[in-house]
Amino acid sequence: MSAFIANNTVPPISTRVEIVEEEFPVLKISVSKSHGGIVATRSGKILRRRIKSDGMPENVPMYPTEVVTRLSDLRLLDYSAMLIPDAAIDDLDPLEIERLRKIILSYDGDKALLELDTIELLKALGFIGEQNDVTHPTIAGILMVGKVESIKHFVPTGKASFQVLEGTSVRVNEDFVLPVLASIEKIIAHLDVWNPEQELEMGLFRMPAPEFDKRALREAIVNAFSHRDYSKMGRVRVAVTDEGLTIANPGGFIEGVTIKNLLTAEPHGRNQLLADALKRVGLAEKTGR
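Residues 4 to 292 (the working numbering) make up the sequence shown, in order.
No lab work stands behind these hints: they were computed from the structure. It should be emphasised that the depicted structure is a prediction, and the values quoted were computed from it without experimental measurement. One should not assume that every hint holds.
Said to hold, decoys possible - Cut-off 20 Å, straight-line C-alpha distance, at most; resulting in silico cross-link-like pairs (DMTMM-like, lysine to aspartate or glutamate):
1) 282 <-> 200
2) 189 <-> 177
3) 126 <-> 94
4) 55 <-> 188
5) 217 <-> 246
6) 48 <-> 69
7) 155 <-> 178
8) 105 <-> 188
9) 162 <-> 177
10) 126 <-> 258
11) 105 <-> 279
12) 282 <-> 94
13) 263 <-> 123
14) 282 <-> 123
15) 114 <-> 269
16) 126 <-> 101
17) 114 <-> 99
18) 282 <-> 113
19) 105 <-> 118
20) 162 <-> 152
21) 150 <-> 118
22) 31 <-> 21
23) 126 <-> 89
24) 282 <-> 214
25) 36 <-> 21
26) 189 <-> 222
27) 162 <-> 96
28) 150 <-> 96
29) 217 <-> 200
30) 217 <-> 188
31) 150 <-> 94
32) 162 <-> 214
33) 150 <-> 99
34) 126 <-> 96
35) 189 <-> 214
36) 150 <-> 136
37) 189 <-> 204
38) 155 <-> 177
Full structure from sequences and hints, please.
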């Protein structure tokens with residue numbers, strides 16, 4: 004049985020097979036946790052495990068569109084570092100590159116980047132690369148400093164929305180497609196309006212205390228863009244409701260991260276290149292947590 008499984012899986016899976024004597028003989032097959040990527044049958048069939056609504060597990064087909072997500076979850080693929088063969092340098096917006104330089108100054112980013120010319124800056128951040136001696140932007144490059152038309156064409160999942168709901172009444176409902184830096188600035192500007200402050204008395208002094216801490220807000224919003232799954236349709240959603248603030252994005256936790264070890268797990272983003280770029284410009288927290 005062990006040899007049969009190894010000969011009919013790609014890559015071959017090593018299993019431990021034994022007969023357990025209970026009330027009647029039971030064949031026990033032990034499979035080690037796989038860290039080598041996606042496993043298929045020799046006939047090309049790929050299944051994935053999921054939990055049903057009643058809490059029981061089941062196997063369902065894994066479709067081609069889900070392969071990128073699975074490899075990203077296993078930390079075997081950085082989707083944001085992929086080159087876009089049909090894109091060119093002209094798809095990057097000079098105004099967004101200038102915004103990038105200003106953010107590096109404002110948020111105490113890597114000042115060494117400011118000494119580079121535009122092409123060297125884009126290469127240093129991984130926003131462009133070469134394929135067959137031709138320069139093309141990466142997914143991260145289009146997302147960070149691409150023109151709006153280029154984002155819609157090459158990364159149509161790069162969307163965001165801001166909502167303010169009071170009960171069932173919609174006060175604000177705005178969807179937009181912008182580069183990541185512009186999107187973050189736009190959302191933070193919106194939240195400044197919908198982030199009321201209260202004055203706290205500290206002895207002889209009064210100090211303003213906002214409803215939501217601004218540093219925590221910025222970090223959460225940056226993480227929402229940095230760690231979302233850009234291979235899935237959806238958008239980064241920021242919503243202010245009567246219950247509080249919700250910041251959501253498509254993707255879920257990557258392999259090895261759960262709600263229980265969220266603060267102690269090894270820092271590793273789904274989009275490593277994009278996450279590193281946001282750290283270097285000064286927007287993301289340096290420890291990656």
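Now the hints, each set against the structure:
1. 282 <-> 200: Violated. Residue 282 to residue 200 sits at ~29 Å, over the 20 Å cutoff.
2. 189 <-> 177: 11 Å, holds
3. 126 <-> 94: At roughly 15 Å apart (the allowed maximum being 20 Å), residue 94 and residue 126 satisfy the hint.
4. 55 <-> 188: 39 Å, violated
5. 217 <-> 246: At roughly 18 Å apart (the allowed maximum being 20 Å), residue 246 and residue 217 satisfy the hint.
6. 48 <-> 69: Holds - the C-alpha atoms of residue 69 and residue 48 are around 14 Å apart, at most 20 Å.
7. 155 <-> 178: Given that 20 Å is the threshold and the Cα spacing comes to 13 Å, the pair holds.
8. 105 <-> 188: 12 Å, holds
9. 162 <-> 177: 11 Å, holds
10. 126 <-> 258: 29 Å, violated
11. 105 <-> 279: 18 Å, holds
12. 282 <-> 94: Judged against 20 Å, a Cα distance of about 23 Å means the pair is violated.
13. 263 <-> 123: 41 Å, violated
14. 282 <-> 123: 18 Å, holds
15. 114 <-> 269: 27 Å, violated
16. 126 <-> 101: Cα-Cα ~15 Å, so holds.
17. 114 <-> 99: Given that 20 Å is the threshold and the Cα spacing comes to 18 Å, the pair holds.
18. 282 <-> 113: 9 Å, holds
19. 105 <-> 118: 13 Å, holds
20. 162 <-> 152: Distance ~12 Å between residue 162 and residue 152 Cα, so the pair holds.
21. 150 <-> 118: Status violated; Cα separation ~24 Å.
22. 31 <-> 21: Roughly 5 Å between the alpha carbons, so the hint for residue 31 and residue 21 holds.
23. 126 <-> 89: 18 Å, holds
24. 282 <-> 214: 26 Å, violated
25. 36 <-> 21: 18 Å, holds
26. 189 <-> 222: 15 Å, holds
27. 162 <-> 96: 17 Å, holds
28. 150 <-> 96: 5 Å, holds
29. 217 <-> 200: OK: residue 217 and residue 200 at ~11 Å, within 20 Å.
30. 217 <-> 188: 12 Å, holds
31. 150 <-> 94: Holds, at roughly 6 Å.
32. 162 <-> 214: Given that 20 Å is the threshold and the Cα spacing comes to 26 Å, the pair is violated.
33. 150 <-> 99: 8 Å, holds
34. 126 <-> 96: 15 Å, holds
35. 189 <-> 214: Satisfied, since the Cα-Cα distance of roughly 19 Å is no more than 20 Å.
36. 150 <-> 136: 23 Å, violated
37. 189 <-> 204: 32 Å, violated
38. 155 <-> 177: Judged against 20 Å, a Cα distance of about 17 Å means the pair holds.
Consistency with the previously given hints fails for numbers 1, 4, 10, 12, 13, 15, 21, 24, 32, 36, 37, ordered from lowest to highest.
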